[in-house]
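Please work from the sequences and hints to get the whole structure.
2 protein chains.
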Amino acid sequence: PSLFTLPEHSMCSMEEKSINLSSVLDFQGTRDYSPKQMAIRDRVFSVIIDCFKRHGAETIDTPVFELKETLTGKYGEDSKLIYDLKDQGGELLSLRYDLTVPFARFLAMNKITNIKRYHIAKVYRRDNPAMTKGRYREFYQCDFDIAGQYDPMIPDAECLKIIHEILSALQIGAFVIKVNDRRILDGMFAVCGVPESKFRSICSAVDKLDKMAWEDVRSEMVGEKGLSPEIADHIGEYVQLRGGLSLIEQLLQDPKLSQNKLAREGLEEMKLLFEYLTIFGILEQVSFDLSLARGLDYYTGVICEAVLQQSDQTDESVSVGSIAGGGRYDGLVGMFDPKGRKVPCVGFSVGIERIFSIMEQKVAASEEKIRTTGTQVLVASAQKKLLEERLKLVSELWDSGIKAEVLYKKNPKLLNQLQYCEETGIPLVAILGEQELNDGVVKLRDVATREEVLMVHHTLL
Amino acid sequence: PSLFTLPEHSMCSMEEKSINLSSVLDFQGTRDYSPKQMAIRDRVFSVIIDCFKRHGAETIDTPVFELKETLTGKYGEDSKLIYDLKDQGGELLSLRYDLTVPFARFLAMNKITNIKRYHIAKVYRRDNPAMTKGRYREFYQCDFDIAGQYDPMIPDAECLKIIHEILSALQIGAFVIKVNDRRILDGMFAVCGVPESKFRSICSAVDKLDKMAWEDVRSEMVGEKGLSPEIADHIGEYVQLRGGLSLIEQLLQDPKLSQNKLAREGLEEMKLLFEYLTIFGILEQVSFDLSLARGLDYYTGVICEAVLQQSDQTDESVSVGSIAGGGRYDGLVGMFDPKGRKVPCVGFSVGIERIFSIMEQKVAASEEKIRTTGTQVLVASAQKKLLEERLKLVSELWDSGIKAEVLYKKNPKLLNQLQYCEETGIPLVAILGEQELNDGVVKLRDVATREEVLMVHHTLL
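Protein chains in written order, with my numbering: chain A, 3 to 463; chain B, 3 to 463.
No lab work stands behind these hints: they were computed from the structure. These numbers were taken from a predicted model, which means no experiment stands behind them. Among the clues, some could well be false.
Claimed, not checked - Derived SDA-like pairs: lysine to any residue, alpha-carbon spacing no greater than 20 Å straight-line:
1) A:K124 / A:A41
2) B:K394 / A:E277
3) A:K387 / B:E277
Structure, rendered in structure tokens:
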């Protein structure tokens with residue numbers, strides 16, 4: 003196979019059809035992916051997988067359904083969104099809700115105490131779909147997690163570095179990675195006077211600050227959740243704080259917070275985290291944000307969330323939605339171990355559907371032509387009755403590892419064959435004719451430039 | 003990034019753990035994939051996907067569940083194996099049973115009349131699992147299909163060529179691709195005197211010939227299905243025939259078969275198919291086999307099934323199971339089109355779980371070491387207190403696109419760092435020490451040969 007350098011992914015000036023949105027299965031909150039959407043999806047996946055591999059991650063896979071009891075009690079209020087399978091005899095099964103709980107089950111079941119793995123797979127939520135925003139009932143998650151007992155904040159810092167690398171490589175605009183720590187939140191709740199039994203529910207209320215105004219969150223705390231207005235206001239002072247190392251230093255001096263063991267531990271480790279992020283050179287996109295709470299129950303330490311930024315009319319940078327999130331969960335694996343053995347974990351999930359939506363919009367807005375196949379040569383004929391010769395040549399090309407096609411017609415017109423190349427972006431066409439066959443040569447034409455060369459048949463392979 | 007040529011997938015002489023079978027979730031007929039199993043799976047997938055792309059295929063994806071009614075009436079007796087979702091309000095949903103019906107639904111819904119696509123995804127069957135044979139309730143299918151109105155047998159021949167290329171490339175042993183045609187079967191049933199209403203059920207009985215003796219199939223035909231013994235015996239004479247072009251010629255001369263329009267059409271196209279297969283040079287592995295029937299209702303023309311061969315004690319070649327199968331189904335898409343517009347299709351599915359099992363056994367039996375990561379360099383230190391320097395260097399390597407790792411310990415022992423390389427197959431270790439840092443160099447060691455070179459720091463990137 004010494005042919006010549008074939009352009010693997012050359013783009014051709016074909017007419018681009020707009021991305022087919024009728025393939026969205028609105029009624030059930032799912033979607034088909036057309037070949038064009040698959041090409042975009044593969045591009046996004048390969049950026050992300052390359053990054054995970056650059057950091058030495060392995061990959062695993064788990065079944066799409068788990069025992070119902072495996073998922074029970076892991077998601078708090080969101081459990082109502084779990085899809086159950088019909089009871090057709092046997093165990094009760096549910097579709098997985100995320101990849102974190104199956105990962106924890108996998109670690110416990112296989113007694114794995116150290117692993118750095120990624121897992122890209124679909125998860126299922128009976129949520130209200132909002133397809134234009136990339137919110138579906140079946141959607142991909144891209145998870146990266148580091149499990150193992152290590153020195154503080156080193157794996158946590160690498161997770162943030164990886165999020166930074168992925169969002170930078172995808173070129174989907176400016177972003178900020180918010181970080182906080184459940185220990186700081188819990189310490190803050192304690193010094194504000196929240197009873198410990200209400201930590202999780204107040205945490206859920208704080209989590210809504212990215213979508214609701216403080217006034218509304220405060221009402222929820224005082225009304226539904228029964229906090230005194232003074233305690234709520236005290237929390238309100240803290241959760242408006244965001245910043246960097248100097249804020250951490252300031253809070254370490256805070257007379258109340260610094261007296262709380264949990265908060266002090268969280269703040270000291272946050273300081274360490276920021277030192278590592280400085281070494282990684284990603285401080286500019288990281289914000290220590292006391293309003294970040296994350297909904298899920300299982301986080302125990304650092305939590306993070308990456309949001310895309312956009313300039314509004316007044317040129318202020320505003321958040322347009324979360325695109326990745328995660329944190330440390332040191333207790334989850336132990337819930338699946340018969341002896342409760344803990345495996346500390348930290349990781350994150352990339353909101354890939356959102357990224358697909360953005361990429362699709364970018365492609366639609368740009369002039370870029372997306373090829374959905376990689377075919378390098380179409381084997382064509384200029385005359386009738388050359389089907390056997392075409393089949394013979396295309397077969398030789400396949401056997402030489404060359405990506406080749408032939409039209410499935412006995413006597414296709416040359417024009418139709420050339421049009422097929424233009425439509426699908428095939429860069430080269432090998433044209434057979436009586437004369438060439440007699441001379442033992444093949445005419446090879448560059449579809450875009452129309453330049454032609456005669457190749458001796460055997461040198462083509 | 004001008005470093006040097008890094009061995010991307012170099013294998014290291016680490017101790018290989020045997021593949022963990024405890025990760026099989028027996029009770030529900032599903033399995034986890036460990037990193038090692040994923041590495042094998044990826045290898046198989048890449049052989050198959052490369053082949054599909056070599057033939058110019060696009061790819062699509064569809065949801066894991068379909069409307070229950072989409073699957074109804076497509077699988078005959080096997081419908082009882084479909085997994086339903088619990089009715090939690092909204093439409094009734096079922097997990098997909100194969101990828102062919104979703105493909106047909108996709109074509110009809112999007113009014114696509116021409117496509118050559120592959121689809122690799124999991125399907126679900128409430129069957130009795132037999133994990134050692136690679137039979138699960140959740141398993142992958144790799145489907146390739148050509149849809150469109152074309153000249154006879156050209157796409158059909160390409161499908162067989164692709165099966166041949168895949169099974170050859172996988173190197174899993176000798177194989178035979180059996181072919182037959184539903185029209186020949188139906189014509190045969192007609193000339194034997196089977197009433198037309200019994201064609202499909204007698205076809206199902208014939209399909210069992212690969213697992214049951216003729217005597218038992220005959221009993222089923224005469225007993226359960228109510229054929230006369232004479233008709234059954236007549237069928238029995240035909241279904242024992244297998245061969246090549248000469249058998250086709252012989253049957254075209256058969257006084258009864260040749261009078262049947264359907265059978266004659268099927269035989270003439272079978273002859274054409276064999277001419278194309280001759281051009282493709284794959285005749286040796288193809289057998290025209292009148293006992294091949296295929297279970298599913300929707301086939302309308304050519305059917306095929308690839309089986310692996312093994313020598314038994316008497317050195318006779320015996321079949322050890324089906325590994326790919328498919329056929330032509332010209333009516334299925336029309337079932338989903340409101341106006342019944344037909345889109346002729348031909349395609350096949352590769353039984354990938356079976357191939358995984360064989361590959362896993364091959365790897366376990368061989369001395370081959372499977373790496374589960376692609377890490378090229380471990381950044382290590384020879385002394386304490388060099389965490390920041392390690393993090394700085396590994397971060398620079400990541401930013402240069404190099405696959406690198408660092409141990410998540412403040413002060414790891416050099417021995418532990420070297421052991422980590424040996425265990426995971428990392429070929430190179432960059433060792434930092436006070437002296438090297440002062441000199442602005444990094445010591446780079448080849449883990450296998452223990453050769454060391456000093457690199458000026460900036461030339462490493």
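Status of the hints after comparison with the structure:
1. A:K124 / A:A41: Holds: K124 of chain A and A41 of chain A sit about 18 Å apart, inside 20 Å.
2. B:K394 / A:E277: holds, 11 Å
3. A:K387 / B:E277: holds, 15 Å
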